[in-house]
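Novice: In case you want the letters, here they are:
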Amino acid sequence: MKRVPITLGLALLVGVSSVSRAQTRPDFSGTWTFNQSKSTKGIAGNTPIVPFPSQIVVKQTATELYVEGTSVRQAPLKAVFRLDGSKVTLEAPRGITETGEARFEGATIVVTTRRSFSSPAGETVVDFKEIWTLAGNVLTIEKTRTQSGESDTETAVYDKV
Amino acid sequence: MKALATVFLGLLLTPIVLQAHHSFSAVYDSNKPITLRGTVSKLGWSNPHAHIYIEVKGPDGKVLTWEVESAGASNLQRAGIRKEDFIGTEVIVKGFLAKDGTPAVNASSFTLVQSKKEYVSEEPNP
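Top to bottom, those sequences are chains A and B. Here the first sequence is numbered in this note's numbering, starting from 1 and rising by one per residue. Here the second sequence is numbered in this note's numbering, starting from 1 and rising by one per residue.
Take the hints with a grain of salt, since some may be wrong.
As the list claims (entries may be wrong) - Here are the simulated DSS-like cross-link-like pairs (lysine-lysine), alpha carbons at most 25 Å apart as the crow flies: (1) B:K42 with B:K62; (2) B:K42 with A:K41; (3) B:K117 with B:K42; (4) A:K41 with B:K62; (5) B:K116 with A:K78.
In short, the hints are calculated from the structure, not lab data.
Let the sequences and hints guide you as you build the complete structure.
Specialist: Okay, structure coming up:
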């Protein structure tokens, strides 16, 4: 007799938990354009230490995050992340290997990528960590570049097109 | 006759000027950021770019000389960095690797470790 209410209670708990998780996940989908005046100073200039795309196209589903970034000097960089945080191999220019993962942490998305390539200094690795936050039609990305024990962080603001 | 000679001399010098001021994307790979730590061994104090040569110890223990292209001497001086600040000092360089595979970098920034002087490039996109 007691089994029915317990099962019902469990089902409700799982259901409520799923719904609340879905509700706390904002949708980052859209076309986003870099807003230099609202971004940190270190991004501007000829060769920024922490590079950001000038435009980002994001398509978000329940399980995946599709990101296409375009910049002045780079070919478009496309990536499909699984939102369960599993590691994926990203499309990268010739001679470069890039892996990455994305996951929700509360209402933010955390994207980490590792790029490696050969150079006269040997195999060279650079790590990037991005924290994405959404506020209405404004996307803010805090990005940290770490290489050879040196870290730099910059913040870019994007407006929805 | 003098005017013709001046034009001829101008034509002769044009390739040198063009070679000195090249576009970033023709020489460097914006997809390959690199961080170096080494000691300055030589300095080309010039405009439009200064060239800093640094000795960097590789993972195999061998020392390799890297050529670092930075903002020109005038810009560096305006930022309070003097020619005398470089020689023999340790430097941390963050920049982008040359496309041709040589040990050459275009500097986004550099820090002179002892004096703690830092230069961050703010040159506009060409």
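Novice: Look at each hint and say if it fits the structure.
Specialist: For each hint, the structure was consulted:
1. B:K42 with B:K62: 18 Å, holds
2. B:K42 with A:K41: Outside the cut-off at roughly 31 Å; violated.
3. B:K117 with B:K42: 18 Å, holds
4. A:K41 with B:K62: 37 Å, violated
5. B:K116 with A:K78: 38 Å, violated
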